[in-house]
Amino acid sequence: CKMTMTEESSTIVARNDGTSWSDSYSPKQIMDNNIRISFRLHDPNDVPYPDKFAGVPGYRCDTDDQADLPPSLSGRTILNFTTTIATELKVVFIGDSISEQFAQAFDAAALGSGHEGNRLAQTYINGRGGINLHNCLSVAAPIRGGGVSAFWRIATLMSMSTRTIEPNVCEHKSKTWNERQALTLVDHQYSDHSNELDHRYFHPTTNEENIPLGVSSKNNTLPYSVTAFDAIVLRLNHGWLTIEQLTKERIVEAINLSNKYLGAQTVIISTLPLNNNVVTPSHWQGIAKINQMVRDIATSWMPSQPGDVKWVLVQEFGNFTNQILRMNAQHIQLTNASTPDFSQKGWELSGTDFLLKR
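If you want the working numbering, it's the position in the sequence shown, counting the first as 1, plus 76.
Don't take each hint at face value.
[Unchecked claim] Once the Cα atoms are required to be at most 30 Å apart in a straight line, the calculated DSS-like pairs of lysine-lysine come out as: (1) Lys365 x Lys251; (2) Lys249 x Lys365; (3) Lys249 x Lys104; (4) Lys324 x Lys128; (5) Lys249 x Lys128; (6) Lys421 x Lys433; (7) Lys104 x Lys128; (8) Lys365 x Lys386; (9) Lys365 x Lys421; (10) Lys324 x Lys365; (11) Lys433 x Lys336; (12) Lys365 x Lys336.
Keep in mind the hints are simulated off the structure, nothing from the lab.
The task is simple: from the sequences and hints, build the whole structure.
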């Protein structure tokens, strides 16, 4: 299968002919006309779960304390498959630990065996005994298809009120962001790793100006630079932010600032699922309102001037995850209610109170 995204619109089309797939990592290639991202589905016995970059044990799929999928979900055509990706796009994920997992899975799906060294990260440790290794910034370049994948940890929404001129410390509870972090990502330099001569010039070290990741030294410039991203995948950090703080005005400001500092003209916002920060029915209703607000922003978005964000898209992560939760609850008999019509607006708020009894 492949997912198609054209320059002229935000249309995404799935096809099955395989003509756009590329196994090359060269940044110089051009994938099939108008095909900018492709994916393939695999048996997990052939291609492992994409968790090889997960630094937190609980984020991995092969731990002994995780149960198998129930029979209703374990078919190869339902959930029991893995994915690989090829893309020429430059994509950056922004958010907290959930976004970090999105980015790490995307990186694993786009970096095949032997290409893990194309990924660099600035990290910190937390958890009892220092068991968890998190990323503050990461860049994978080039990935399969010649594109770039990056992650920027911001445990808030980008806003002029959360911006700081002080260098950000790479730590778990930091709720500010710094322009220098954005420059680290867009100035990241890399080489055509299919060319061994280029690869030898790669220096994944901190230079004299304390810029992490793969920025080259002044006397050793690499041939490619990120320069600007094509797309931003933005998570609204509920948990770090209250429901009341996730307003339309703040979301719009975050969209515009991410465009200003990272250059992307497409912003994809993930809707919010049921999670440990949703405790009461009023919380659950608030999450539903935020998700609808995201959809409304996307459908009404209009750029005000050249260079602005052209498209705001919605990743229905909340709806998809809530459907899985609902079906799993039904499978383990937490509820005897009939299966809701998932196509209906607001289905999550009907007959799901049992999900809050935990």
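Results for each hint:
Distance restraint check for Lys365 and Lys251: the Cα-Cα separation of roughly 24 Å lies within the 30 Å cut-off, and the hinted pair is therefore satisfied. For the given pair, Lys249 sits about 26 Å from Lys365 by alpha-carbon distance, which is consistent with the 30 Å threshold. A hinted pair counts as satisfied when its Cα atoms are at most 30 Å apart, and Lys249 with Lys104 does not qualify at roughly 39 Å. For the given pair, Lys324 sits about 36 Å from Lys128 by alpha-carbon distance, which is inconsistent with the 30 Å threshold.
Between Lys249 and Lys128 the CA atoms are separated by roughly 25 Å; this keeps the pair inside 30 Å, and the hint holds. Distance check on the hinted pair: Lys421 and Lys433 sit about 23 Å apart at the alpha-carbon level, within 30 Å; holds. In summary, the hint linking Lys104 to Lys128 is supported, as the alpha carbons are separated by about 27 Å, within the 30 Å threshold. Taking the CA atoms of Lys365 and Lys386, the gap is near 24 Å; set against the 30 Å cutoff, the hint holds.
For the hint linking Lys365 to Lys421, the alpha-carbon distance of about 11 Å falls within 30 Å, and the restraint holds. The straight-line distance between the Cα atoms of Lys324 and Lys365 is roughly 11 Å, inside the 30 Å bound, and the hint therefore holds. A threshold of 30 Å between alpha carbons decides the hint, and for Lys433 with Lys336 the separation of about 43 Å lies outside it, so the pair is violated. Only pairs whose Cα atoms come within 30 Å are accepted, and Lys365 paired with Lys336 is accepted, the gap being roughly 27 Å.
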